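K.L.:
In case you want the letters, here they are:
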Amino acid sequence: MAAAGAIPRPVRGAPIIESEVVAMVIVVFCEVMFFAGFLSGFSLIGARAPAGWWPPPGDPALPVAATGGASLALLISGVAVFWAGRRLDADRAGALRLLWGAVAFATAFLAYQVFEFVRLVSIGFTMVSSAHGGFFYTIVGAHALHAVIAVAVLSWAVRRLSAGDLRPPAFTAVRMYWYFVVGLWPAIYTVVYL
Amino acid sequence: MAQSHAHDDHAHGDHHEEGWFLKYFWSTDHKMIAKQYLLTGMALGVIGAYFAYVFRMQLAFPNKPVPGYGLVTGSDYNALVTNHGAIMIFWVAMPVLIAAFGNFLIPLMVGCDDMVFPRLNRLSYQIFLISAIVLVSSFFVEGGAFGGAWTAYPPLSAKAEYNLTPLGPTLWLAAVALEFVAFLLGGINFVTTAMNSRAPGMRALDLPMAVWMIVIASILFMCSVGPLIAGAVMLMFDQTIGTGFFDPDRGGDPVLWQHLFWFFGHPEVYVVLLPPLGFVAEIITTFSRKRLFAYKTVLYTTIGTGILSFFVWAHHQFIAGVDPRMSNVFSVTTVLISIPIAELCFVYIATLYAGSISFRVPMLWALAFIAEFLVGGVTGIFLGASGADIYFHDTYFVVAHFHYTFFPIAIIGTFAGVTYWYPKMFGRHMDETLGKIHFWVTIAGFNGIFIPLFILGAAGDHRRIFDYSNFPELASPELQAMRVFATVSLLVMLAVQPLFAWNFFRNMWKGKVAEANPWNANTLEWQCPSPPPHGNFNPMPEVYRGPYEYSQPGRADDFWPQNSPT
Ligand code: HEM
Ligand SMILES: [Cu+2]
Chain A
146 MAAAGAIPRP
156 VRGAPIIESE
166 VVAMVIVVFC
176 EVMFFAGFLS
186 GFSLIGARAP
196 AGWWPPPGDP
206 ALPVAATGGA
216 SLALLISGVA
226 VFWAGRRLDA
236 DRAGALRLLW
246 GAVAFATAFL
256 AYQVFEFVRL
266 VSIGFTMVSS
276 AHGGFFYTIV
286 GAHALHAVIA
296 VAVLSWAVRR
306 LSAGDLRPPA
316 FTAVRMYWYF
326 VVGLWPAIYT
336 VVYL
Chain B
241 MAQSHAHDDH
251 AHGDHHEEGW
261 FLKYFWSTDH
271 KMIAKQYLLT
281 GMALGVIGAY
291 FAYVFRMQLA
301 FPNKPVPGYG
311 LVTGSDYNAL
321 VTNHGAIMIF
331 WVAMPVLIAA
341 FGNFLIPLMV
351 GCDDMVFPRL
361 NRLSYQIFLI
371 SAIVLVSSFF
381 VEGGAFGGAW
391 TAYPPLSAKA
401 EYNLTPLGPT
411 LWLAAVALEF
421 VAFLLGGINF
431 VTTAMNSRAP
441 GMRALDLPMA
451 VWMIVIASIL
461 FMCSVGPLIA
471 GAVMLMFDQT
481 IGTGFFDPDR
491 GGDPVLWQHL
501 FWFFGHPEVY
511 VVLLPPLGFV
521 AEIITTFSRK
531 RLFAYKTVLY
541 TTIGTGILSF
551 FVWAHHQFIA
561 GVDPRMSNVF
571 SVTTVLISIP
581 IAELCFVYIA
591 TLYAGSISFR
601 VPMLWALAFI
611 AEFLVGGVTG
621 IFLGASGADI
631 YFHDTYFVVA
641 HFHYTFFPIA
651 IIGTFAGVTY
661 WYPKMFGRHM
671 DETLGKIHFW
681 VTIAGFNGIF
691 IPLFILGAAG
701 DHRRIFDYSN
711 FPELASPELQ
721 AMRVFATVSL
731 LVMLAVQPLF
741 AWNFFRNMWK
751 GKVAEANPWN
761 ANTLEWQCPS
771 PPPHGNFNPM
781 PEVYRGPYEY
791 SQPGRADDFW
801 PQNSPT
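Protein chains in written order, with this note's numbering: chain A, 146 to 339; chain B, 241 to 806.
Derived by calculation from the structure, the hints in this document are not laboratory data.
Note that the structure is a prediction, hence the values are computed from the model and not measured.
Any given hint could be a false lead.
Claimed, not checked - Here's a subset of chain A near chain B, in silico, CB distances under 7 Å, partners left out:
1. Arg-154
2. Arg-157
3. Pro-160
4. Phe-179
5. Phe-183
6. Gly-213
7. Ala-215
8. Val-263
9. Val-266
10. Gly-269
11. Ser-275
12. Gly-279
Cβ coordinates follow ideal geometry from the N, Cα and C atoms, glycine included.
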């Protein structure tokens with residue numbers, strides 16, 4: 146909208162933010178809003194329930210401590226990915242090992258979740274036993290589903306990296322998704338378990 | 241850079257003829273995808289209009305067989321009204337205004353050869369098409385289509401014991417969810433392309449308003465849709481496996497759905513509003529040979545409105561049992577949001593001031609958009625006052641209000657955009673005389689439908705009744721006469737639409753051939769051939785100025801294309 150006049154201006158700069166990264170920002174943002182929907186619904190219903198009725202008296206206590214321990218595995222995987230990102234240029238082989246480590250830790254976390262779900266269902270706590278049960282399995286399950294996707298995507302990215310054909314912004318996008326999955330978990334843990 | 245990347249992202253057969261299937265169904269070309277969205281959206285528009293015809297006939301002439309349908313039962317009526325609304329918003333307004341025009345215009349207007357992620361774009365249309373098929377299929381399953389209103393409030397939408405349609409609601413929800421995924425994929429492209437593929441020299445504030453509006457609309461959609469998808473997951477679990485999210489018996493809360501729905505739903509009305517506001521900005525500047533009045537004000541106002549639109553949702557729930565103190569807050573935010581909307585209307589009128597206006601068909605549509613939308617916006621203020629809304633809620637006043645907003649958006653906006661960009665899309669002109677007849681009859685018909693509905697609503701006419709005979713005070717001859725008037729107006733309006741179809745389809749082959757820039761406009765899409773070839777520009781354009789430099793003193797031409805170095 147500058148004043149009319151033939152200014153010699155055509156120059157195409159490099160993009161400020163690479164397209165892959167923009168796309169991942171959008172995806173992560175939508176995902177955050179998606180989980181915000183669940184978590185705010187959960188809190189709203191909890192806050193409205195009469196004293197002593199949330200969680201409903203019949204529901205078993207959630208395994209706060211054991212899950213807290215498993216959460217550590219997930220957090221460690223986040224740190225590993227962070228370090229791998231920083232060391233990629235200096236020490237490629239080390240970075241790749243760190244990434245495989247992250248995959249392993251996240252898989253351990255998922256294995257624990259499967260174990261926990263099986264145990265809770267076996268003592269009669271299911272999606273249909275109460276709104277609380279529904280929320281618990283839906284929210285934690287949705288997060289686990291995202292973690293499975295993150296593991297798959299990271300494994301794919303590591304293999305492309307080893308082969309040397311992954312654009313750096315694509316790797317950035319993959320890491321962002323990983324941080325999202327890791328960073329979301331403490332929020333879920335706080336709202337749902339504590 | 242984004243362009244070269246777009247190229248290695250997909251192996252398109254630049255220089256050999258593609259097969260028929262590859263060309264029309266498997267293309268990654270943004271213009272072809274735009275046309276797919278446009279035609280699919282228009283086809284669903286025909287279905288939505290047919291539904292309106294059937295239920296309006298039932299309201300005017302209760303319990304008489306409707307020609308072309310037959311006798312309308314109560315559950316038929318519910319399914320038709322529900323899906324009329326859902327189709328018009330999600331399968332007409334969204335695909336046509338955002339997806340079709342966004343796909344067609346953004347790469348052309350920013351001066352690049354295609355979207356940043358062309359294959360994602362193709363996937364977006366395919367998912368959209370599946371969503372439309374799922375929706376239509378819900379009419380043919382046991383129990384019939386969902387009839388619990390386009391807002392799908394539980395418990396009616398959650399329990400088959402209540403809605404008597406065991407499969408319809410689940411298919412409906414699945415269709416809506418798929419459709420959202422399609423638009424999220426599309427939106428990723430719109431934002432990245434407008435950000436990273438602009439022609440050399442094009443600054444953010446050189447973008448035509450249409451691009452800004454579609455991009456902001458996509459962002460609003462992305463910010464608001466997550467919670468609704470979460471709600472849809474819960475509702476689907478309630479329907480299929482019997483969870484209790486919205487069931488108070490088991491600790492759930494049906495009003496939670498309303499919050500999740502309207503947290504999305506109100507921003508959604510701005511999602512569909514913004515693209516036509518952008519089209520109107522392009523059209524009124526071109527046909528009044530004037531600069532857009534206050535470009536930056538329009539832009540910042542729009543962003544502000546977008547933000548504010550996240551804080552008004554509970555005005556849909558004033559009588560749903562929300563705390564009256566909360567209602568006051570939402571009354572205030574609702575009245576506040578009418579200020580920027582009014583401002584945009586004034587800015588457009590100021591653009592017209594002292595212009596040399598030519599009343600071509602697109603211009604008529606654009607002006608009608610401003611005039612009719614104003615009525616919708618103004619009546620919204622009445623509804624936003626929680627006291628008044630206790631009376632007006634769920635009457636035909638609300639129905640008239642939102643049709644005075646949605647009709648300008650989805651129908652007038654589409655006609656404005658199609659008639660304006662038709663020469664670019666198809667390389668030929670539509671017929672002006674037919675276009676004008678179609679315009680005037682459509683506008684007259686539209687007002688004939690909805691003015692009576694304002695009066696009916698003010699008289700207390702409840703909007704969810706399919707046969708008024710059992711409500712003596714609503715079945716009075718005066719009120720019934722207005723219903724008949726509205727329905728007859730609808731028939732008139734529908735009767736003239738084949739004229740548009742003829743004008744649209746016939747002139748793809750038979751119309752007068754269009755030159756590259758038939759309207760003498762400035763934006764980049766007019767600086768490439770009509771229709772643009774694969775790759776759009778040759779050579780790629782460079783940009784020297786903003787999009788609205790019309791009637792600049794000291795120039796021989798009254799327009800100044802963005803890419804002209806002198
Ligand atoms: C962007 C243009 C607009 C569109 C597309 C639009 C659309 C709608 C729709 C679809 C509904 C009814 C939903 C339903 O119950 O099925 C509605 C209701 C409402 N609108 Fe608008 N609207 C627009 C602008 C406004 C404005 C500017 C205001 C206020 C300043 C407003 C205030 C309201 C209120 C308060 C209701 C709730 C009425 C009730 O259900 O009792 N709207 N609008
Ligand atoms: Cu609203």
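K.L.:
Now tell me if each hint is right for this structure.
P.N.:
Hint check:
Taking 7 Å as the C-beta contact cut-off toward chain B, the hint placing A/Arg-154 at the interface holds, the least distance being around 5 Å. For A/Arg-157, the suggested interface contact is upheld, since its CB lies about 4 Å from the closest CB of chain B, less than 7 Å. The beta carbon of A/Pro-160 is positioned within 7 Å of a beta carbon in chain B (closest approach about 4 Å), and the interface hint is therefore held. For A/Phe-179, the interface hint holds, the least distance from its beta-carbon to any beta-carbon of chain B being 4 Å, beneath 7 Å.
Checking A/Phe-183 against chain B: minimum C-beta separation of about 5 Å stays under 7 Å; hint holds. Restraint check, A/Gly-213 versus chain B: the minimum CB separation of about 25 Å is more than 7 Å; hint violated. Violation of the interface hint for A/Ala-215 is found here, the shortest Cβ-Cβ separation to chain B being roughly 24 Å, above the 7 Å cut-off. Using the Cβ-Cβ criterion of 7 Å, the hint placing A/Val-263 at the interface with chain B is not satisfied: the shortest such distance is roughly 18 Å.
Hint status for A/Val-266 relative to chain B: violated, with the closest Cβ pair at about 13 Å, above 7 Å. Hint on A/Gly-269 is violated. Least Cβ distance to chain B is approximately 15 Å, over the 7 Å limit. Restraint check, A/Ser-275 versus chain B: the minimum CB separation of about 5 Å is within 7 Å; hint holds. Interface hint at A/Gly-279: satisfied, since its Cβ lies 4 Å from the closest Cβ of chain B, which is below the 7 Å cut-off.
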